[in-house]
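Student: Based on the sequences and whatever the hints tell you, model everything.
Here the protein sequences line up with chains Y and E, keeping their order.
Sequential numbering from 19 applies to the first sequence in the numbering used here.
Sequential numbering from 4 applies to the second sequence in the numbering used here.
None of these hints come from the bench; they were simulated from the model.
Predicted model, so just to flag it, every value in this text is computed and none were measured.
Cβ atoms here follow ideal geometry from the backbone N, Cα and C, with glycine treated the same way.
A few chain Y positions that, by computed beta-carbon distances, are all more than 12 Å from chain E:
hint: 1; residue: Val31
hint: 2; residue: Glu74
hint: 3; residue: Ile80
hint: 4; residue: Thr87
hint: 5; residue: His94
The following label-pair restraints were derived from C-beta to C-beta distances:
hint: 6; chain 1: Y; residue 1: Lys89; chain 2: E; residue 2: Thr74; range: 34 to 42 Å
hint: 7; chain 1: E; residue 1: Gly19; chain 2: Y; residue 2: Lys86; range: 45 to 53 Å
hint: 8; chain 1: Y; residue 1: Thr96; chain 2: E; residue 2: Gly43; range: 24 to 32 Å
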Amino acid sequence: GENVEQHPSTLSVQEGDSAVIKCTYSDSASNYFPWYKQELGKRPQLIIDIRSNVGEKKDQRIAVTLNKTAKHFSLHITETQPEDSAVYFCAASRNGAGDKLIFGTGTRLQVFP
Amino acid sequence: DAGITQSPRHKVTETGTPVTLRCHQTENHRYMYWYRQDPGHGLRLIHYSYGVKDTDKGEVSDGYSVSRSKTEDFLLTLESATSSQTSVYFCAISESNPPAFFGQGTRLTVV
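Tutor: Structure below.
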């Protein structure tokens with residue numbers, strides 16, 4: 019089955035700097051890769067996703083890149099702000115199937131003012 | 004926020020007792036999911052539903068059962084609670100795969 023590894027487990031950056039979180043997946047048939055943000059004590063929220071027919075997707079300060087050959091994808095946050103502090107989860111699935119969605123173990127991002 | 008409500012929000016129960024968690028949605032979404040969240044494991048799927056009375060197992064379904072008798076309600080039952088089921092449980096909904104909106108979570112402690 020699918021296995022998703024996420025690194026780093028914790029990441030500290032200064033406000034205004036960029037942050038990058040990386041995930042690798044094992045199932046070459048996976049073709050849908052969402053990212054979720056979870057603030058302390060809150061629910062996870064879908065923030066961006068990418069399908070395997072594109073290599074990059076941007077939404078304001080966040081972007082996701084996908085390398086299908088290497089089976090890894092990354093979340094990039096530019097101009098970080100304190101409100102970006104949260105745990106970020108990557109996930110992967112075949113055909114966007116919710117029942118096959120496998121999550122990474124999460125990255126705790128801390129943005130210091 | 005999408006109309007999705009979990010109840011109860013917190014529960015402490017004794018080992019061996021049955022427990023039922025409720026997820027209620029007002030969005031009329033087809034798919035509903037139950038996840039558990041534990042440190043070092045991220046989110047793991049317990050059970051999911053793709054319609055009324057249509058449910059299936061996820062990756063960590065042992066010791067859990069579900070029911071969906073109405074579009075808006077998805078119930079998760081721990082048949083005989085064990086300490087290993089102490090966790091935070093999240094319900095999620097989506098109109099099409101995958102899960103897009105999560106409930107606030109239920110913190111369950113089994114003592």
